[in-house]
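Chemist: This is what each chain is made of:
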Amino acid sequence: MNYIENIYICLAAPLFIAAFCVRRQGRTMLLFVVSGMTACLLSSYISTFLAAASGADMLTASLTLAPLVEEIMKMIPILFFILVFDPHKGDLSASVMMTAVGFATFENVCYLAQNGAEHLSHLAIRGFGTGAMHVVCGAIIGIGIISFWDQVWLKIGGTMGLLSVTTTYHGIYNLLVAQKGTPAYVGYFIPIFTTFAVVIPLRNHLSGRPVQ
Amino acid sequence: MIETLDNSIQLILTGLCSLIAFVRAVREHRREWLLLGLFFVTFFLGDLYWTLYYIFYSRTLVYPFIPNLSWYTSYLFLAILLLLVKDKKGEDKAPIMLYLIPAFTIAMCAYYMTFGDYVSNLAVAVLMTVIMWNAAKGLIRVRKQEEGAEKLGLYMMSLLFCIVEYAMWTSSCIWEGNTILYPYYWFDFLLSICFVLFIPAVRKMVDE
Numbered sequence: 110m111n112y113i114e115n116i117y118i119c120l121a122a123p124l125f126i127a128a129f130c131v132r133r134q135g136r137t138m139l140l141f142v143v144s145g146m147t148a149c150l151l152s153s154y155i156s157t158f159l160a161a162a163s164g165a166d167m168l169t170a171s172l173t174l175a176p177l178v179e180e181i182m183k184m185i186p187i188l189f190f191i192l193v194f195d196p197h198k199g200d201l202s203a204s205v206m207m208t209a210v211g212f213a214t215f216e217n218v219c220y221l222a223q224n225g226a227e228h229l230s231h232l233a234i235r236g237f238g239t240g241a242m243h244v245v246c247g248a249i250i251g252i253g254i255i256s257f258w259d260q261v262w263l264k265i266g267g268t269m270g271l272l273s274v275t276t277t278y279h280g281i282y283n284l285l286v287a288q289k290g291t292p293a294y295v296g297y298f299i300p301i302f303t304t305f306a307v308v309i310p311l312r313n314h315l316s317g318r319p320v321q
Numbered sequence: 007m008i009e010t011l012d013n014s015i016q017l018i019l020t021g022l023c024s025l026i027a028f029v030r031a032v033r034e035h036r037r038e039w040l041l042l043g044l045f046f047v048t049f050f051l052g053d054l055y056w057t058l059y060y061i062f063y064s065r066t067l068v069y070p071f072i073p074n075l076s077w078y079t080s081y082l083f084l085a086i087l088l089l090l091v092k093d094k095k096g097e098d099k100a101p102i103m104l105y106l107i108p109a110f111t112i113a114m115c116a117y118y119m120t121f122g123d124y125v126s127n128l129a130v131a132v133l134m135t136v137i138m139w140n141a142a143k144g145l146i147r148v149r150k151q152e153e154g155a156e157k158l159g160l161y162m163m164s165l166l167f168c169i170v171e172y173a174m175w176t177s178s179c180i181w182e183g184n185t186i187l188y189p190y191y192w193f194d195f196l197l198s199i200c201f202v203l204f205i206p207a208v209r210k211m212v213d214e
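Chains as they are written, first to last, in this note's numbering: chain A, 110 to 321; chain B, 7 to 214.
Hint data in this document are derived by calculation from the structure and do not stem from the laboratory. Treat the hints with care, as some may be off.
Claimed, not checked - No farther apart than 30 Å at their CA atoms in a straight line, the calculated lysine-lysine pairs in the DSS-like style are these:
1. B:Lys92 - A:Lys264
2. B:Lys210 - A:Lys264
3. A:Lys198 - B:Lys92
Next up, chain A with everything else stripped away, as it sits in the complex (with noise of 0.2 Å):
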């Protein structure tokens, strides 16, 4: 048995509490990592309640429905800060990030707390793998919603088109690192590679560059 909401709680509680005694960005970067913590958790309900509806075993939940459900889930408080409060692009990219970065902490964590924090070399290439696809994943968003958000049709069909690309990205993923061996590794490394290969070189595109 895993309690998942206990190490929500844990992890959450002082994130949150320290958003009520930092000033304006800091609290709004705290409150996106817990709710990239809560999307987390969430992700999890939600798929393990469509792999029992449809009948479909863990391992195919996780290669098939959880990268489609987490990757709406995640992009689900951003959508709520973009439509709520019209923040700038320079900030909305920050938020992406901050959420990325919550969800897949928590994901880490969640890990350590299945599987055991013995094998630190495994765990180390495990922590920055994930931790890199998620940051690769909201980058992609990031991008997307800095160079379609003027238009409403761009809008709409560019933020469907990206959550589909970030959902097989994270698909192909989840599909080698649920392989032995060298597959696995090849997963986590790919991330990795995406991240210096591309989401660095593109920071100053994720500041709000404009796109003609």
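Go by the hints and put chain B onto chain A.
Modeler: Just chain B now, with coordinates in the frame of chain A:
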């Protein structure tokens, strides 16, 4: 063997095309390149997911909605690209001939529904209609010299892409086989070539 070769060629070509389009998007800050890159990369990711699953489990997917979603999204990005480059000024009534496109896509959708599920076939029909409608309308406007000739290549490639996709799907419904003689593979090779030809078409449009 032929399936692996076909998938490998398509993966390599779509991967390379994505790279070229994204490099251009970053250098030139043009949304056309970004959308073309997304069109390539979503198709590439769908192919990659499908191929990896087949390699690891030696069977096709029970729930193939992730690769399907990815392939349909690539059509969505192509549709967005065509809508974005469309000349907004002087919007006129569509010629009667253009209504053959929805008639064709609806008929094909009904045919494919006898083999597959309803929702995905309907989604494909809608996206293909948008692509073919805008491409054909653009071609007519270029011929009437109401719109720039620089977009001709993109419109022609979009139409060719849709025709090859339909030929490929229809051939897979009629003939079954796993050799080079099977028409599905001819059309899939042709589709891979179509991806490459989109690059000069969009370059011509953006440069001019």
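Chemist: Is it true that the CA of Lys210 of chain B sits at most 30 Å from the CA of Lys264 of chain A?
Modeler: Distance of about 26 Å is within 30 Å: holds.
Chemist: Is it true that the CA of Lys198 of chain A sits at most 30 Å from the CA of Lys92 of chain B?
Modeler: 27 Å, holds
Chemist: Given the hint that Lys92 of chain B pairs with Lys264 of chain A, test it: the Cα-Cα distance must not exceed 30 Å.
Modeler: Answer holds: Lys92 of chain B to Lys264 of chain A is near 17 Å, not above 30 Å.
Checked against the numbered hints listed earlier, the structure breaks none of them; every hint is satisfied.
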